[in-house]
Amino acid sequence: MVLAQDLSYLTIAGAAAGLRTKQFSSTELTKSQLDRILALDAKVNSYITVTPEVALAQAKQADAELAQGTARGPLHGVPIALKDLYTTKGIRTTGHSAVLQDWVPDSDATVTTRLRQAGATLLGKLAMHEFAFGGPAFDTPFPPARNPWNLDHITGGSSSGSGAALAAGLCLGSLGSDTGGSIRGPASLCGIVGLKPTYGRASRVGVLPLSWSLDHVGPMTRTVEDCALMLQAIAGHDPKDPASANVPVSDYSASLKAGAKGLKLGVPRSWFAEGEGTAPETLAALDAALKVLEGLGATVVELDGQPFIDARAANTTILVAEAYAYHEQNLKTQPENYGSSVRSRFRAGALISAADYIQALRARTVICATVAGMLETVDAIVSPSSPAPAPTFADFSPDSMFKNPSFTNPYNLTGLPAISIPCGFSALGLPIGLQIATKPFTEALTLQIAYAYEQATDWHTMRPSLAA
Amino acid sequence: MDLATLKQIDALTAGNTYDDATFEKILPNFQLYLEAREKLRALPLGDIKSAMVMLAGGVR
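As given, the protein sequences belong to chains V and X, one line each in that order.
Position one of the first sequence corresponds to residue 802 (our numbering), numbered consecutively onward.
Position one of the second sequence corresponds to residue 4 (our numbering), numbered consecutively onward.
Simulated from the structure, these hints should not be mistaken for lab results.
Among the hints, erroneous ones may be present.
Stated by the list, open to error - Heads up, simulated SDA-like pairs for lysine to any residue below, C-alpha to C-alpha not over 20 Å straight-line: (1) X:K28 - V:D1196; (2) X:K52 - V:A1155; (3) V:K890 - V:D1042; (4) X:K42 - V:K890; (5) V:K844 - V:K890; (6) X:K42 - V:D1105; (7) X:K42 - V:R1163.
Start from the sequences, fold in the hints, and give me the full structure.
Encoded structure:
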């Protein structure tokens, strides 16, 4: 008999093995997660909506199918949760905003459907930054998620609930979304794994948009192997998404164990000193990680950091202009239903001129070509994921985001796949993340390098101490 | 950029009226975007054309 507590931090791969060998049932696993959510989430605030009836019905169905020998794959019977911008048929989808507080969609997002078809059980919908923008706010209908490593600290965002729930053992996998770093930021600050796939790799149909040309959806998990399993379930062409790429989907688990030997890694080190720079302990963790990768047989070379620094202005301009276009009507008719931070940031987007937007698109062309050229000389580009560990809520300032390097947004601008994995802890015990980016549609390589590093270290085995 | 100028520009563009407290919160965000504009204008873009949405990997 397995105790409920023992199931809390199961990996997806571990859960699949346990279900296959009948060590526990999907119903037991799902119930243990629901119990843990009930016991702990009042501290973490990672869930907006918990869906026990849905989860247990899906678990019951999974158990019946597994008993009959019908196996849908590694997610079959595994409890997951979704950032609350994925539409879910019959389950409210709020975007963490009063604007959509009571909206119950009548259809699923494409990736929601794919996860249902893969047999995952849905524990609920997760907190986020309002409409995937801004920062943690206290004037929205739901409280901001808190960092399980220290509840006084933020999680990063905008996939804040996804990062918090995984770090706290409140789901086995999640989907986030990423327009400037919203998967990789919280992954970094919460000590988990988050992958932003190539632009067009996973469908965004039924996902609340922030910025159409920068939005990506992707998996957030506790291990790289789990990330590969979730990406496998959601990747693929969707003709309903005009940006969806009709490119064959790789087997993301097949080459996980191929190692890092012989790979050339580029490090754009001058980028790390942009503005007020990167925290010394983050740089130390990066250097230690690079030594580990060199020890695995990779070589490290320096790259020019300027294109990555230039990316921010283009990314910010495109994002805010597109976001305002989407929210324009609601900002006029119901501004009071937006939190003040996100309303102000969206609303300022009204003042970006067409010429500014076009200049940003032209800069995007140059930066895409420059970074593509770099990836002809190296296999991957490595950097920190975030310039510093998570600040406290009291110390967090949205303006601070512009004072330090943004390590994530260049890969939204270029559409390249990029992953954040744990690579250390600060003196205060807060996680630090390592980012690895590769060529378009080479997620298998991104995951391979990440897995090699992960297996050579034990950061991914660390857990916060959250008393039940 | 001061508050009065922001309100004038806003009246000519978005055209709806917020109270001063809201505009005071919008102002620092707009100033950040103005900084981004200056950085974009400083880039040597030459005769580079606009790419509306990048073609990921050029394979679509």
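- Query: Which numbered hints turn out to be false for this structure?
  - Reply: Hints 4, 5 contradicted; others consistent.
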